[in-house]
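> Those sequence lines, one after another, are chains A and B. The numbering of the first sequence is this note's numbering, which starts it at 1 and goes up by one. The numbering of the second sequence is this note's numbering, which starts it at 158 and goes up by one.
None of these hints come from the bench; they were simulated from the model. Be aware that one or more of the hints could be misleading.
EDC-like, lysine to aspartate or glutamate: derived pairs with alpha carbons at most 20 Å apart [as the list claims (entries may be wrong)]:
id	chain 1	residue 1	chain 2	residue 2
1	B	K212	B	E273
2	B	K311	A	D4
3	B	K311	A	E141
4	B	K212	B	E292
5	B	K212	B	D165
6	B	K311	B	D271
According to the in silico footprint, chain A covers these stretches of chain B (three or more CB under 8 Å from chain A) [said to hold, decoys possible]:
id	region
7	189-197
8	304-318
Nothing here was measured: the structure is a model prediction, and the numbers come from that model. Just so you know, even glycine gets a beta-carbon here, dropped at the ideal spot from N, CA and C.
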Amino acid sequence: MTQDLEQGLQSQPLREPPADLDQWVADLLNNDAAENAPSQITFPRSRRPWAAWAAVAALVLLGGVLLSLNLPWTAPPPGTDPASIAGGPIRFEPVRFDQQWSTFDAGDVVRWPDRSPVQPVVHRQIQQTRWVDDKRNIQIELLVPRHDIHLLPVRID
Amino acid sequence: MLARIYRDHRQGLYSLALAVTRHTQMAEDAVHDAFTRLCRVELSPDRDPVPYVFKAVRNAALDQIRRRQRASQRGDSLFDTSALPDPGTLDTHRAVETAERDALVREAVDRLPDDERELITMKLYAGLTFRQIAESLAQPLATVASRYRRTLTKLRSDMESLV
Numbered sequence: 001m002t003q004d005l006e007q008g009l010q011s012q013p014l015r016e017p018p019a020d021l022d023q024w025v026a027d028l029l030n031n032d033a034a035e036n037a038p039s040q041i042t043f044p045r046s047r048r049p050w051a052a053w054a055a056v057a058a059l060v061l062l063g064g065v066l067l068s069l070n071l072p073w074t075a076p077p078p079g080t081d082p083a084s085i086a087g088g089p090i091r092f093e094p095v096r097f098d099q100q101w102s103t104f105d106a107g108d109v110v111r112w113p114d115r116s117p118v119q120p121v122v123h124r125q126i127q128q129t130r131w132v133d134d135k136r137n138i139q140i141e142l143l144v145p146r147h148d149i150h151l152l153p154v155r156i157d
Numbered sequence: 158m159l160a161r162i163y164r165d166h167r168q169g170l171y172s173l174a175l176a177v178t179r180h181t182q183m184a185e186d187a188v189h190d191a192f193t194r195l196c197r198v199e200l201s202p203d204r205d206p207v208p209y210v211f212k213a214v215r216n217a218a219l220d221q222i223r224r225r226q227r228a229s230q231r232g233d234s235l236f237d238t239s240a241l242p243d244p245g246t247l248d249t250h251r252a253v254e255t256a257e258r259d260a261l262v263r264e265a266v267d268r269l270p271d272d273e274r275e276l277i278t279m280k281l282y283a284g285l286t287f288r289q290i291a292e293s294l295a296q297p298l299a300t301v302a303s304r305y306r307r308t309l310t311k312l313r314s315d316m317e318s319l320v
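Okay, chain A solo, but in the shape it has when bound (with noise of 0.2 Å):
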């Protein structure tokens, strides 16, 4: 009986959302994705701001240390022999990329939105580069904070 009710009140005709609507909600998402857009330096969303701040600190100190060399900002006129410019040119070299810190944290088992049983697993991590110029005996360190967070499938027998 109630199975028959049920199957008599959903064969009913619905109102549909209007077309308009669907197109609101569309540009609405897409303008969100747009703002949301990764950049080409990536840095995952819950440390972004940290990670930015120690992008801009690299680069301005980057940037003092070449002040300080005095090196031209623009490119020689072709032709310039390169032993002309002041100093030479600058050779960094990656010496050290290595992983400071990091820690995996296991999350309870929880159900995909298709109802699939997954596992979160938050991965913390401070990543250090270190650029060394031997002959003028200078040295840029980059320390970048990652936050990521995995899901794994989980098998539930």
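Once you have looked at the hints, place chain B on chain A.
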């Protein structure tokens, strides 16, 4: 993720907004407002986002009612009968009977109190599980299930009284 949820549940979300507001323009505005707000929040990856989205649409629909105070104009049906054949043009007795019974079903749903119409809409037209409805309405699962059964019983008796 929001785009996918909208694509999969657009009919259910709109029907819920319409079930709450009983006004097509307010229902559209409610869905739009809800998604505008949802764009600004980050959905938790460890929870089913669907009940949260339905809850947001329901709240936006209730906001529409509070904001516009158009209770007297709220009479739009959940159903679209524009494409249905005129009962006068049906050629068999059985077809006429079915059309009349369907009209009674629609009328009974439209006459339900708001909370019961919302529940029927979420379960039958949006296809949510009791668990998702319970989460969306912030009510215990058992309460939602028993309210649904009671509403169906009430609908049946309402239809009989309309005959």
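> State for each hint whether it applies.
Cross-check of the supplied hints:
| no. | hint | in the structure |
| --- | --- | --- |
| 1 | K212/B / E273/B | 15 Å, holds |
| 2 | K311/B / D4/A | 15 Å, holds |
| 3 | K311/B / E141/A | 72 Å, violated |
| 4 | K212/B / E292/B | 8 Å, holds |
| 5 | K212/B / D165/B | 16 Å, holds |
| 6 | K311/B / D271/B | 14 Å, holds |
| 7 | 189-197 | holds (count 4) |
| 8 | 304-318 | holds (count 4) |
Going down the numbered hints, you'll see the structure goes against just number 3.
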